[in-house]
Every structure is written in C-alpha cells, then in structure tokens.
Amino acid sequence: MDDDRFRELITARVSRPAAIAEAAAKRRRPTSLLADHGRLMMIAADHPARGALAAGSRPFAMGDRVDLLDRLVLALSRPGVNGVLGTPDVLEDLLLLGALDDKVVIGSMNRGGLAGTVFELDDRFTAYDAQAIADAGFEGGKMLTRIDPNDPATVATLESCADAVSDLARHRLLAMVEPFISHRAEGRVRNELTADAMVLANAIAAGLGSTSAYTWLKVPIVDEMERAMAATTLPALILGGEVAEDQQATFANWQKALALPTVQGLVIGRSLLYPPGDDVAAAVDTAVGLL
Numbered sequence: 001m002d003d004d005r006f007r008e009l010i011t012a013r014v015s016r017p018a019a020i021a022e023a024a025a026k027r028r029r030p031t032s033l034l035a036d037h038g039r040l041m042m043i044a045a046d047h048p049a050r051g052a053l054a055a056g057s058r059p060f061a062m063g064d065r066v067d068l069l070d071r072l073v074l075a076l077s078r079p080g081v082n083g084v085l086g087t088p089d090v091l092e093d094l095l096l097l098g099a100l101d102d103k104v105v106i107g108s109m110n111r112g113g114l115a116g117t118v119f120e121l122d123d124r125f126t127a128y129d130a131q132a133i134a135d136a137g138f139e140g141g142k143m144l145t146r147i148d149p150n151d152p153a154t155v156a157t158l159e160s161c162a163d164a165v166s167d168l169a170r171h172r173l174l175a176m177v178e179p180f181i182s183h184r185a186e187g188r189v190r191n192e193l194t195a196d197a198m199v200l201a202n203a204i205a206a207g208l209g210s211t212s213a214y215t216w217l218k219v220p221i222v223d224e225m226e227r228a229m230a231a232t233t234l235p236a237l238i239l240g241g242e243v244a245e246d247q248q249a250t251f252a253n254w255q256k257a258l259a260l261p262t263v264q265g266l267v268i269g270r271s272l273l274y275p276p277g278d279d280v281a282a283a284v285d286t287a288v289g290l291l
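Residues 1 to 291 in UniProt numbering are what the sequence shown lists, from first letter to last.
Honestly, the hints are just simulated from the structure, not real lab data.
Be a bit skeptical, because a hint or two may be false.
[Said to hold, decoys possible] Straight-line Cα separation of at most 20 Å, SDA-like style, residue types lysine to any residue; simulated pairs:
1. Lys256 / Glu226
2. Lys26 / Asp102
3. Lys26 / Asp101
[Said to hold, decoys possible] Pair by pair, the computed Cβ-Cβ distance ranges are:
4. Val14 / Glu226: 25 to 35 Å
5. Arg184 / Val66: 31 to 41 Å
6. Leu74 / Ser32: 18 to 28 Å
7. Ala185 / Gly63: 23 to 33 Å
8. Thr117 / Glu226: 34 to 44 Å
9. Ser32 / Lys256: 22 to 32 Å
10. Phe60 / Thr126: 18 to 28 Å
11. Gln248 / Asp70: 20 to 30 Å
12. Ala281 / Leu193: 26 to 36 Å
Everything numeric in this text was worked out from a predicted model, so none of it was measured.
Each residue gets a CB set at the ideal place from its N, CA and C atoms; glycine is no exception.
Kindly produce the complete structure, drawing on both the sequences and the hints.
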C-alpha cells in the first residue's frame, strides 16, 4: 500500500467514519456463493482479533496491519478467489480499499476466547452479530465452536453459537461453524485432530440452532477424512491451518479432501498469506488450481 492510499484510509476513519457504511452499500455483491470453478475459495483473516498473530516462524507476522492488508488485497485479486473471512476492522479496511466487490464476505463473530488465555474456551461473541452482518450486506457469519468435555464454559459457547446460527438463518445468511473437540493441557488449549474427534464435533455442530438450512461447516484435515465428513450432510469448507514448510504435502491433503461430496471449497488464511518463500500470488494460484 503506498503512502497516499494509507493516508486516505486513515483520513476516512478519522474524518468520515460513515464512509464505511457507504462503501458497504455500494459494494457489488456476488450472484452466487460459488465461483466459476464451482467452489467457494475464501481467504481468512480473523486471527488478529483473537490475539493469534503468528504465522509459521514469525511470531508477530499478522501484527503489521498494512502488510496484512497488502497480502489480502493481492490474494483477493487472484483469479478464482471469491471470498474473504474477517472481523469488522479488517473487512472495513478492505471495504475502504475497494477490495470486496463480487466477493463472498463472511463476518467473524466470536473472538473473545483469546489465544493463550485462561479464559480461551469461554469464547464470547465480541465481533459481528447477525444484524450487523445483514446491515453490512455481507453473505454470512462464522463462529468458532470448541467443545471441551471437561470445561463448563463449553455449554455457554454452544448456546451462543446455536443462537447465532438461528439469527443468521432468520436473515437467510450463511452460518459457518468451525467445530473442534478441545482440551486444555500445559496451559494451552489444543484441538483434537483425529477422525473420531471430528465425527463427534461435526455431529454436534450440525445440530446447533433452530434450522440447519443455512449452516456450513469449516473443518480441518485429519486422517480418515472420509469418516469425519460422513457425520453430516452439511456442506463443508476445508480450513488451511498453520503454515507448513512442506506445502506440497499440504496441497495434496487439500486436494484429497476436495474429492469428498460434502466439501465445497477452501477457507485458508496464514498458509496462503504467509507461505514459505513469501510468494502469496503463487501460493494462492496453486490452491485455486486444486479446485
């Protein structure tokens, strides 16, 4: 981002905050959730609001907002990329930069379970709600749904996510649910990435809310992916996870998962925004080529 564009962004936020709503109203909305290749290819950028700033070996990679925006704008400009997931601050920057025309925009909703905190599993809804997503003219909302059988905070998260699914459905907006079976160990919350855990998590997530008509799942790659995805008929997107040094192995796993009938695309963040070698365009193009 050049200095002039950066200054324009700051000036709009300081002097014309209504410019954000104006940009949202003018945004050209997509005619379908799926791109011409028949899949949904999304870039995720909701990590900073949860305090998860690391990407690979860089502990504060996502802490430079201008750099992050440059990477996002580049990724969203690549052919075949038709969606983005983010919190209000990120999506509003992208609106002001004019980067969201024809994109499927999903607002991230619960970011209160800050990474590495003692209250991480008490995942409060601190960002978008369904009404704000509808008012902005976006296509849906996403919620992280971590289920720890030994943590009483889980039930509050489940209730909040169920309410959000129902609220989004009332607006006929997509509800993207990202479920995990999670456990606190050595002061950290760890997600259980096994087929058994994902069968359980997917089954629970699919039943949240008063209807599943607008619910999609956001799921990680695990061994025996076929078993994990057989737990429900809901559409699903594969999430990218952490930055991996062996990107070819990662791409191969995504391609294998994309062959499953319920898998409708990819939602990838740091793996494409901060790839080994730092060639964002090449990493994004390779991922699109798997669809």
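Query - Structure versus earlier hints, numbers of those that do not hold, lowest first - result: When the structure is compared with the hints, only number 4 turns out to be violated.
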